[in-house]
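Student: Next come the chains, spelled out residue by residue.
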Amino acid sequence: MKAEVHTTMNTKQAGHQRILVVLPHPDDESFVASGTLAKYIEGGAIVTFACLTLGEMGRNMGIPPFANRVTLPAIRKLELEASCKAIGIQDLRMLGFHDKMIEFEDKELLDSQIMALVKELNPSLVITFYPGYSVHPDHDATGAAVIRTIGKIPSAERPLMYCSAFASNHEQMIGKADVTVDVTAFLDKKMASIQAHRSQFQAAELVGNRELSDEEIRMRFGTEQFWTYRFDESHE
Amino acid sequence: MQLINPQDIQNRIDQLTGQELFIHLELTTGAYANHLDSTRHPASAFISNAGIRYTNGSISGTGPYRVGLKTEQGWVYAEGLTHVDETETERLILAGHDSQGKLVVALQLSRDKFE
Numbered sequence: 004m005k006a007e008v009h010t011t012m013n014t015k016q017a018g019h020q021r022i023l024v025v026l027p028h029p030d031d032e033s034f035v036a037s038g039t040l041a042k043y044i045e046g047g048a049i050v051t052f053a054c055l056t057l058g059e060m061g062r063n064m065g066i067p068p069f070a071n072r073v074t075l076p077a078i079r080k081l082e083l084e085a086s087c088k089a090i091g092i093q094d095l096r097m098l099g100f101h102d103k104m105i106e107f108e109d110k111e112l113l114d115s116q117i118m119a120l121v122k123e124l125n126p127s128l129v130i131t132f133y134p135g136y137s138v139h140p141d142h143d144a145t146g147a148a149v150i151r152t153i154g155k156i157p158s159a160e161r162p163l164m165y166c167s168a169f170a171s172n173h174e175q176m177i178g179k180a181d182v183t184v185d186v187t188a189f190l191d192k193k194m195a196s197i198q199a200h201r202s203q204f205q206a207a208e209l210v211g212n213r214e215l216s217d218e219e220i221r222m223r224f225g226t227e228q229f230w231t232y233r234f235d236e237s238h239e
Numbered sequence: 048m049q050l051i052n053p054q055d056i057q058n059r060i061d062q063l064t065g066q067e068l069f070i071h072l073e074l075t076t077g078a079y080a081n082h083l084d085s086t087r088h089p090a091s092a093f094i095s096n097a098g099i100r101y102t103n104g105s106i107s108g109t110g111p112y113r114v115g116l117k118t119e120q121g122w123v124y125a126e127g128l129t130h131v132d133e134t135e136t137e138r139l140i141l142a143g144h145d146s147q148g149k150l151v152v153a154l155q156l157s158r159d160k161f162e
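Heads up: the sequence lines are chains A and B, in that order. Taking the numbering used here, I'd label the letters of the first sequence as residues 4 to 239. Taking the numbering used here, I'd label the letters of the second sequence as residues 48 to 162.
It should be emphasised that the hints constitute simulated quantities derived from the structure, not laboratory data. Where hints are given, some of them may not hold.
If you want a taste of the chain B side facing chain A, the calculated C-beta under 7 angstroms gives, among others [unchecked claim]: (1) MET48; (2) ALA78; (3) HIS82; (4) LEU83; (5) THR86; (6) PRO89; (7) GLY127; (8) ASP132; (9) ILE140; (10) ALA142; (11) HIS144; (12) LYS149; (13) LEU150; (14) ALA153.
Cβ coordinates follow ideal geometry from the N, Cα and C atoms, glycine included.
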């Protein structure tokens, strides 16, 4: 298995035992970090996933549609629980914010809930979206809230932050990912996590309706990438 | 969800006429529209749990369907409706799904607040 490639000097990178993942939607965890998390969990890590919403405003309702606006939240909650089980995530927190509305949410309320989790769990690694380069407004607003919150912690005590980015221009703006995780050994768990989101994964832009070959799965899902967030120390 | 039978929907609309209702009305291209195809203009709007009472309502077209509700002060309109939640007996849950199965439009009426 290929070793993780790091350029960061942060010594906390090895052997994370307490990891906090903060993402807005059920299934974000599958595509962003399920392989990485399964790998850390195999190494003994305890993972908390704070999922801000139930994705209740999602457009995918299954193919053919079996969900609607009214039934979607309960369906996605069960899917989320099944996905976490597939990955091995031990601690799932559903924070109950309204899907699509994170960017309009009361920032103090949002930040205080994230801070409470950080204080409770004292994670050495936090995973979220890279604000500005994560396409969905909820993704960007979630990443921004996590960075605001972690930024309030004195730099010596801050956990390492891995951000996921996938906007079309992201490499132009923030360069190549500095963390590349080979998750090919954990693809069974990753695909089980993705497919746990029954109402979602058949969408063409996610997995599609067709059975993928092992090679296609390795090509599309075998690597997870993160950008280590670097706080601007000049403001401190 | 089942495909709309317009006569059934008309009956349901008639049953809810004149009542104090909550409405959820939504139209969306999805937040990824422009990411997946840069020529597309992303647009979405929803209003949830607004109070409404209509005096006349009907479903129209040959599918996808249109629904118009005449209120005391104005109108509610939705186009592109294809599916109904057939398991709902009290509430009217209508949605429009595109060729990929994605929700494009939703029109929902209920005597009780939507969660």
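Student: Is the interface hint for HIS144 (chain B) satisfied, with its Cβ closer than 7 angstroms to some Cβ of chain A?
Tutor: With Cβ-Cβ at 5 angstroms, under 7 angstroms, it holds.
Student: Should the hint that MET48 (chain B) touches chain A count as held when the rule is a Cβ pair under 7 angstroms?
Tutor: holds, 5 angstroms
Student: Holds or violated: the hint that ILE140 (chain B) contacts chain A, with Cβ atoms closer than 7 angstroms.
Tutor: holds, 5 angstroms
Student: Using the nearest Cβ pair, does PRO89 (chain B) come within less than 7 angstroms of chain A?
Tutor: Hint on PRO89 (chain B): violated, closest Cβ of chain A at ~10 angstroms, above 7 angstroms.
Student: Restraint: THR86 (chain B) near chain A, CB-CB cut 7 angstroms. Satisfied or not?
Tutor: violated, 13 angstroms
Student: Double-check LYS149 (chain B) for me: the hint is only fine if its C-beta lies closer than 7 angstroms to a C-beta in chain A.
Tutor: holds, 4 angstroms
Student: Should the interface hint for GLY127 (chain B) be scored as holding, given a Cβ-Cβ cut-off of 7 angstroms against chain A?
Tutor: violated, 13 angstroms
Student: Just to be careful: measuring from the Cβ of LEU150 (chain B) to every Cβ in chain A, is the smallest value less than 7 angstroms?
Tutor: It holds, given that the least Cβ distance between LEU150 (chain B) and chain A is near 5 angstroms, below 7 angstroms.
Student: Grab the minimum C-beta distance from ALA142 (chain B) to chain A and call the hint holds if it beats 7 angstroms, violated otherwise.
Tutor: holds, 5 angstroms
Student: Do the numbers back the hint for LEU83 (chain B), that is, is its least Cβ distance to chain A under 7 angstroms?
Tutor: With a closest approach of 6 angstroms, the LEU83 (chain B) hint holds.
Student: Quick one, is the HIS82 (chain B) hint okay against chain A at 7 angstroms, beta carbons?
Tutor: holds, 5 angstroms
Student: With a cut-off of 7 angstroms, does the beta carbon of ALA78 (chain B) approach a beta carbon of chain A closely enough for the hint to hold?
Tutor: holds, 5 angstroms
In summary, the structure is inconsistent with hints 5, 6 and 7 from the numbered list given earlier, while agreeing with the others.
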